[in-house]
Amino acid sequence: MAVRPLSPRDERPPVVRLRAFTRRFGDNTILDALDLDIAQGEFVALLGRSGSGKTTLLRTLAGLDAVAGQEVRVPSSRAVVFQDARLLPWKRVWKNVVLGLKGGDLRAKAEAALGEVGLSHRVNAWPLTLSGGEAQRAALARALVREPALLLLDEPFAALDALTRLKMHELVLSLWHAHHPAVLLVTHDIDEAIALADRILVLDRGRIIAEERIAAPRGQRSATVRTLRAALLGHLGVEAPAGSYADVVAFPSTPRAVVAE
Amino acid sequence: MDWILRPLRRSRWLSPLLLLGLWELGSRTGLIPEHTLAAPSAVLSTLLDMVRSGELPANLAVSFVRVGLGLAIGVSLGVALAFVAGLSRQGEVLVDPVMQIKRTIPVVALAPLFIVWFGIGETPKIALIAFATVFPVYLNLYQGIRGVDVRLIDAARSFGLGRGALIANVILPGALPSLLTGLRYSLTISIVMLVIAEQINATAGLGYLVNNARDYMRTDIIVVCLMVYALLGLAADLLVRRIEHHALAWRPSLVEA
Numbered sequence: 001m002a003v004r005p006l007s008p009r010d011e012r013p014p015v016v017r018l019r020a021f022t023r024r025f026g027d028n029t030i031l032d033a034l035d036l037d038i039a040q041g042e043f044v045a046l047l048g049r050s051g052s053g054k055t056t057l058l059r060t061l062a063g064l065d066a067v068a069g070q071e072v073r074v075p076s077s078r079a080v081v082f083q084d085a086r087l088l089p090w091k092r093v094w095k096n097v098v099l100g101l102k103g104g105d106l107r108a109k110a111e112a113a114l115g116e117v118g119l120s121h122r123v124n125a126w127p128l129t130l131s132g133g134e135a136q137r138a139a140l141a142r143a144l145v146r147e148p149a150l151l152l153l154d155e156p157f158a159a160l161d162a163l164t165r166l167k168m169h170e171l172v173l174s175l176w177h178a179h180h181p182a183v184l185l186v187t188h189d190i191d192e193a194i195a196l197a198d199r200i201l202v203l204d205r206g207r208i209i210a211e212e213r214i215a216a217p218r219g220q221r222s223a224t225v226r227t228l229r230a231a232l233l234g235h236l237g238v239e240a241p242a243g244s245y246a247d248v249v250a251f252p253s254t255p256r257a258v259v260a261e
Numbered sequence: 262m263d264w265i266l267r268p269l270r271r272s273r274w275l276s277p278l279l280l281l282g283l284w285e286l287g288s289r290t291g292l293i294p295e296h297t298l299a300a301p302s303a304v305l306s307t308l309l310d311m312v313r314s315g316e317l318p319a320n321l322a323v324s325f326v327r328v329g330l331g332l333a334i335g336v337s338l339g340v341a342l343a344f345v346a347g348l349s350r351q352g353e354v355l356v357d358p359v360m361q362i363k364r365t366i367p368v369v370a371l372a373p374l375f376i377v378w379f380g381i382g383e384t385p386k387i388a389l390i391a392f393a394t395v396f397p398v399y400l401n402l403y404q405g406i407r408g409v410d411v412r413l414i415d416a417a418r419s420f421g422l423g424r425g426a427l428i429a430n431v432i433l434p435g436a437l438p439s440l441l442t443g444l445r446y447s448l449t450i451s452i453v454m455l456v457i458a459e460q461i462n463a464t465a466g467l468g469y470l471v472n473n474a475r476d477y478m479r480t481d482i483i484v485v486c487l488m489v490y491a492l493l494g495l496a497a498d499l500l501v502r503r504i505e506h507h508a509l510a511w512r513p514s515l516v517e518a
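So the sequence lines, in the order shown, correspond to chains E and Z.
Each residue of the first sequence is one higher than the one before, starting from 1 at the first, in the working numbering.
Each residue of the second sequence is one higher than the one before, starting from 262 at the first, in the working numbering.
What the hints contain is simulated information worked out from the structure, not anything from laboratory work.
If you're wondering where the values come from, they're calculated on a predicted model, not measured in any experiment.
Derived Cβ-Cβ restraints for the label pairs, each shown as a range: (1) E:R107 - Z:M488: 46 to 56 Å; (2) E:R226 - Z:E353: 54 to 64 Å; (3) Z:E353 - E:L64: 19 to 29 Å; (4) E:A68 - Z:L499: 48 to 58 Å; (5) E:R17 - Z:H507: 47 to 57 Å; (6) Z:I381 - E:L128: 44 to 54 Å; (7) E:V67 - Z:G425: 16 to 26 Å; (8) Z:V411 - E:D161: 19 to 29 Å; (9) E:T224 - Z:V411: 38 to 48 Å; (10) Z:W378 - E:G103: 52 to 62 Å.
Positions of the beta carbon are idealized from the N, C-alpha and C atoms, including for glycine.
Only chain E is shown next, with the shape it has when bound in the complex:
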């Protein structure tokens, strides 16, 4: 199924809309007059160094922090997948998936969602017996079973090994194709952002300092990577030559990646 990335200028109203959103803790301004739109079904990646305000932004969109009368529009149906799966260890996997849901035959709902992420054999397992990848899949199932209009992914693959991460990327894309929620993926990983997103935002000191749109279809982005990677690293304060990850780290004797600060 071919899904065209939607621009915020699309006629349909965006699912997320923040205008001049500011958040302070004491004298620290964490988010500084931030504007953000996410269109329906759009896949947005958010890059930023530690302390750039990523977590605060995600907590705001997840409805975990009070917004105190500011202009924040988020859909009521939203779900978060955290870096640590955060399954309740005292509930079996399927009960975790339907946590907080009401209505008939939750078990069937949970089984369907777990089947979709390839965890049919772990429906009755205790969460602490799952591997890291399995736990993250259960967390995905828990998010998707709510059929969210907005799916928030908070570095969900950072703690996984490279092979598991690859499988999870494919899984996330196929789930996104099937359910088509708007996605905000918070990540440190530039290659992950380029591989998955329609649009990449760079957050720095509470402001969005760069926005890159990717036109090339997923799976055919090698050419995009060559220039975009260096540009994004530049936004993050790292000078690097154009090329893929392998190109950049190939010659450790001649350090070409220099931290600007």
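Following the hints, position chain Z against chain E.
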């Protein structure tokens, strides 16, 4: 002989059995006079007599009711106070300082005051047990509630769980291991307090049996009662273990077992 001696040498039963044998031997040879300590065989036959005559079951039942009532009151009070202090800041400010002050008073020292207040009937005995068992449950559950992983609470809130659902699905199950630890302490303390409380002019119960036996220098009866106290403690521990096994089945150590 080797096949029986080798396991025996390594058995943890060896030293207690040896001690029991020496004790019996000492009694038979007159080395240990009966008014100092009755022989194990004498204790055993006394135990059987007391069970057969109904003396032991009847008095045990009286003690059991005391512990049961005291525990029920103490534990429910501890749980209620821990909820108040654990689930709201205002509650913490109100409850916790008082509980911390209460902790510094040895409950045993309150016995005279309780006798003045409640007389020498059942009330001061039950009150002592109740008072002593409040704190372990309170402290452990309160800290358990406060120690629930904030990340799990955030996750549950992000899925739209309200306060009630949050308490039922996240906070209580998360604090349950702590509650059971507190319960185990309370059960142990309840039996200690039972022994002390039954020194107060009891006319029935295990403590009454012990006091009577002391007056008649019946060391056999005293040892029987000591055994019953030990068994009560053991049974209490076993009870909590059973509860843990069912309620905490999700924990990895138990999952793999």
